[in-house]
Amino acid sequence: MKRTIICAVFSCLMMIATSQNDSRSLWLEIAEDEIENNDRRYIVPENYKVYKLLLSDLIAYMSNCPDGEAYEVENSNFFISFPYPDGNMHTFSILETPVMHEDLQVQYPNIRTYTGIDIDDPSSYLKMDITVQGFHAMVRTTDGQVFIDPYSFGNTQHYISYYKRDLLKTPENHFVCEVTDAYHMPPSHGAGGLNTRAGDCKLRTYRAAIAATAEYTSFHGGTTAALAAINTTLNRVNSVYEVDLAISFNLISNNNLIVYSNASTDPYTNSSTFTMLSENTSNLSSVIGNSNFDIGHVFAVGGGGVASLGSVCGNSKARGVSSLGSPIGDPFDVDYVSHEIGHQFGGNHTQNASCNRVSNAAYEPGSGTTIMGYAGVCSPYNVQSNSDAMFHSNSIREMANFVTLGNGNSCPVKTILSNSPPVANAGANYTIPKSTPFVLEGTATDPDLDPLTYSWEQWDPEFAQVMPPASTNTLGPLFRTYLPEGPTRYFPDLDDIINNNSPTWNVLPSVGRSMEFRFIVRDNNPGAGCTDEDNMMVSVASNAGPFVVTSPNSSSVVWTGYQNKNVQWNIANTNASPVNTFNVDIYLSVNGGLSFPLFLGTFPNTGTANIVVPSISTNNARIMVKGNNNIFLDISDNDFVINPGVQTACITPANLNVTNIKATSAKLNWDVVSGADHYVIQGNEISSAGVVTLTIPNGAATSFNVGGLSGNNTYFWQIKAVCNSDGTVESNWSATNTFTTLDCRESNNIFTDNIESDKARLNWDSVPNAITYNIRGGIQGGGFVSLSITGSLSNYTVFNLSPSTTYVWQIRTNCGSGIRSGYSSFTQFTTPASTNKTMADSDYFNIYPNPSRGNLTIDIKDAVHANSRVHIMNSQSKLLMDFNNVNKGDRLFIDLEKYSSGIYFIHLVSGDNSVVEKVMLIN
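Per my numbering, numbering of the sequence shown is gapless, rising by one per residue and ending at 923.
Heads up, some of the hints might be wrong.
[As the list claims (entries may be wrong)] Result set (SDA-like, lysine to any residue): computed pairs, CA atoms no more than 20 Å apart in a straight line:
| no. | residue 1 | residue 2 |
| --- | --- | --- |
| 1 | Lys-565 | Asn-553 |
| 2 | Lys-49 | Glu-36 |
| 3 | Lys-759 | Phe-704 |
| 4 | Lys-720 | Glu-730 |
| 5 | Lys-888 | Thr-857 |
| 6 | Lys-720 | Thr-738 |
| 7 | Lys-898 | Ala-863 |
| 8 | Lys-565 | Asp-637 |
| 9 | Lys-720 | Gly-601 |
| 10 | Lys-918 | Phe-799 |
| 11 | Lys-662 | Phe-704 |
| 12 | Lys-878 | Val-808 |
| 13 | Lys-759 | Ser-794 |
| 14 | Lys-878 | Leu-921 |
| 15 | Lys-565 | Glu-730 |
[Unchecked claim] What follows is a set of in silico ranges between Cβ atoms, one per label pair, in the way DEER data are often shown:
| no. | residue 1 | residue 2 | range |
| --- | --- | --- | --- |
| 16 | Gly-486 | Gly-222 | 44 to 52 Å |
| 17 | Asp-862 | Asn-884 | 13 to 21 Å |
| 18 | Ser-420 | Thr-550 | 43 to 51 Å |
| 19 | Asn-573 | Ser-420 | 40 to 48 Å |
| 20 | Thr-550 | Asn-580 | 20 to 28 Å |
| 21 | Asn-643 | Thr-550 | 16 to 24 Å |
| 22 | Pro-109 | Arg-761 | 53 to 61 Å |
| 23 | Thr-805 | Tyr-899 | 21 to 29 Å |
| 24 | Asn-75 | Ser-285 | 36 to 44 Å |
To be clear, the hints were calculated from the coordinates, so they are not data collected in a lab.
These numbers were taken from a predicted model, which means no experiment stands behind them.
Just so it is clear, CB atoms sit at the ideal spot from N, CA and C, and this is done for glycine as well.
When you get a sec, could you build the whole thing from the sequences and use the hints?
Written as structure tokens, this is what we have:
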């Protein structure tokens, strides 16, 4: 078996290497002056690289690409490589994912679209197409959006690779967006109810009817070329909507009928976006039929956009127009089309500046930077030239509400995937001093181990008194939004702090006020992403601050290792109410403030502290002083020098803490001491006399696993460092640290309720330290079945029971690493006679294939009640998966590949009825 796995992995690596070699050779970096025809250049970034592409060879290579759904791409074994703007090649696993309906695809076989993920960074999401217009690619990365587009219009041989941030808005791209028929949302700001997940993580697919004016068709060079351009745009729109909202669009089967080429017979008034709203409603009704599309839109040549708010699936679903003088590239696809479609899904403008501002959604300072903002078209308040390809968390909230609770839920095809949402934690609320930098650090988990990305966004939509934001503003946003990246964000940017900048769109408050922040986590699940959101508050104290490091602050400072040096800062009343920060943490950077990996210790917040200088060599040292158990900080103003020294003193170990606490063991942790030869630990039960002494021989050690402890006991310990082998140079003992071992006891109050003929709920009191529970039970007098239940639960429903049968069960607690309680006494219950109605499986769902090799599809039929439940169980009635809020028309995709061959059960509970279907798994 091991040899088979090794061979499979080796085979996969060989496929990747072969694919890389095949597709890398298609790209050749060239000098720009080698291109003779450079007419009609609509995309001219400030920085880019130029490549020659062997397009015919790429088309031949891609003819072997398998097709599928975007959410299946991570399982693809077909790979393609292409160049980023920095010249590095990146390799993606890829699938052909048609945007066109299959009937339309047959008519236009030379228009192809693809989806991919970077094999080295699965959060990088690719949308790519090959059409009569050449090759186009868009990659959403944590470093910004990467694009590959033809060098000039009609040039299918030469391409540019660039970051969107290097693309400037051209003067002709003057944009005015109007919105009609307001869609009303509940209030978006205020305490309570803010930490609920946006959306339900179902994939919703909408039939899109995209009409084109004759002017648009003429710009692109004819009907086929215009349809190819529409396909490119919708593919790029999908890249945003799929990740942020689990929404996808497919062009309808006869979309070619609404791509017009004759201006004299064209049913649209290209020069008037408002006129085209009603014209599109009438035209699509006549040509396509209202029942044959879910959202309609018109592409035109001009300068503006307009849409009816919250109109998808309804009578106004065709009321959307995007018009640009050069309707091509990302400025059109994201800033225009994605923006106007966002209105059709109930999204409001997010900019706080007075250019079409919407009062209860104005979360972004100035023009904003996200799709529903006005980036580049809100002078003099432009934060940047173009929108980032992402939605603000409030836009996600508005549109998610519309497609789950509003009319947008009435027409799409809904697909339930086996993708669980992430769980976001923004952390505690804090009070900080005014005019002082701070840092927010969130955490998140994801049961599917998806590649998470994170955004911190200010959540204050009130009208700002001054814009660009002034430090004296007491209302409205002060901080701009950035593309998703890591879970930590400095305010202002760390680069601005270390360079002593005062950025225009990240402004520290100099007055007392409150600021709310939303921490949004994206799971970047291919094809159908899911998010979670959590909010926290930062209160700014008017009587404290600025908190400032005052020494070392000069570039002429030179320190030597092992010396005692003094760090000074201005307390600025931070040790008094309401900030109440009585200690500070001091950190050292060796790279000019880009990171602070060296912790120098925790000290009283008195404005001065003596630290021992690490024996290192750097010309780029910086000191950070940060409030202990708080978020405010300051960094010394200039780089200074540290030279190695000769050790004459030994630093006391700091930052003592205890992890992995069990009933009989624990892990003791401390910060490494530079120059330590070994450590000595002493400790005991807090109620015992005397101490036990241990020697840790490794001077680089930062932890020690102690065993032989007893459960539910409190222990103390402290540590000192010894900095030479004969023990003559040693530190003081650290402060005492205490911890209490786990109490892994039996659960109490064990009983059974909700007993029905085929199921029952087992209940018990939760044990605080439980990791799992083992439940053992079965028919009285028969054999037993064992189940393992997560420690966060205090009840569990068992299924597939028999009517009029007596069962017994018992439970024990597991606290990890073999630490467990004994089993409880048996609890008995008897199921009643069956009262369920007779149900035919085929009336409620279809399951296929059956037998299966691991991937199942369940189609939910019309007889199913709203908010039904589907449980996936093994032959021992252990719950493997649980789907709630299942409704008629849903499609569930079940992945059982990791489970062994055998019989599994699909249990549907619909109203008062239930039905169980067996599935044979063959692996």
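Going through the hints against the structure:
1. Lys-565 <-> Asn-553: holds, 13 Å
2. Lys-49 <-> Glu-36: holds, 16 Å
3. Lys-759 <-> Phe-704: violated, 48 Å
4. Lys-720 <-> Glu-730: holds, 7 Å
5. Lys-888 <-> Thr-857: holds, 14 Å
6. Lys-720 <-> Thr-738: holds, 16 Å
7. Lys-898 <-> Ala-863: violated, 32 Å
8. Lys-565 <-> Asp-637: This hinted pair holds, its Cα atoms lying about 17 Å apart.
9. Lys-720 <-> Gly-601: holds, 14 Å
10. Lys-918 <-> Phe-799: holds, 13 Å
11. Lys-662 <-> Phe-704: Holds: Lys-662 and Phe-704 sit about 14 Å apart, inside 20 Å.
12. Lys-878 <-> Val-808: holds, 16 Å
13. Lys-759 <-> Ser-794: holds, 17 Å
14. Lys-878 <-> Leu-921: holds, 16 Å
15. Lys-565 <-> Glu-730: holds, 19 Å
16. Gly-486 <-> Gly-222: 44 to 52 Å: About 46 Å separates the Cβ atoms of Gly-486 and Gly-222, which means 44 to 52 Å holds.
17. Asp-862 <-> Asn-884: 13 to 21 Å: holds, 19 Å
18. Ser-420 <-> Thr-550: 43 to 51 Å: Holds, at about 49 Å.
19. Asn-573 <-> Ser-420: 40 to 48 Å: Check passed, 46 Å falls within 40 to 48 Å.
20. Thr-550 <-> Asn-580: 20 to 28 Å: For Thr-550 and Asn-580 the Cβ distance comes to about 22 Å; the hint holds.
21. Asn-643 <-> Thr-550: 16 to 24 Å: Since Asn-643 and Thr-550 have Cβ atoms about 23 Å apart, the given range 16 to 24 Å holds.
22. Pro-109 <-> Arg-761: 53 to 61 Å: Holds, since Pro-109 and Arg-761 (Cβ atoms, about 56 Å apart) stay within the stated range.
23. Thr-805 <-> Tyr-899: 21 to 29 Å: Given a distance of about 27 Å, which is inside 21 to 29 Å, the answer is holds.
24. Asn-75 <-> Ser-285: 36 to 44 Å: holds, 41 Å
In this structure, the hints that do not hold are numbers 3, 7, in rising order.
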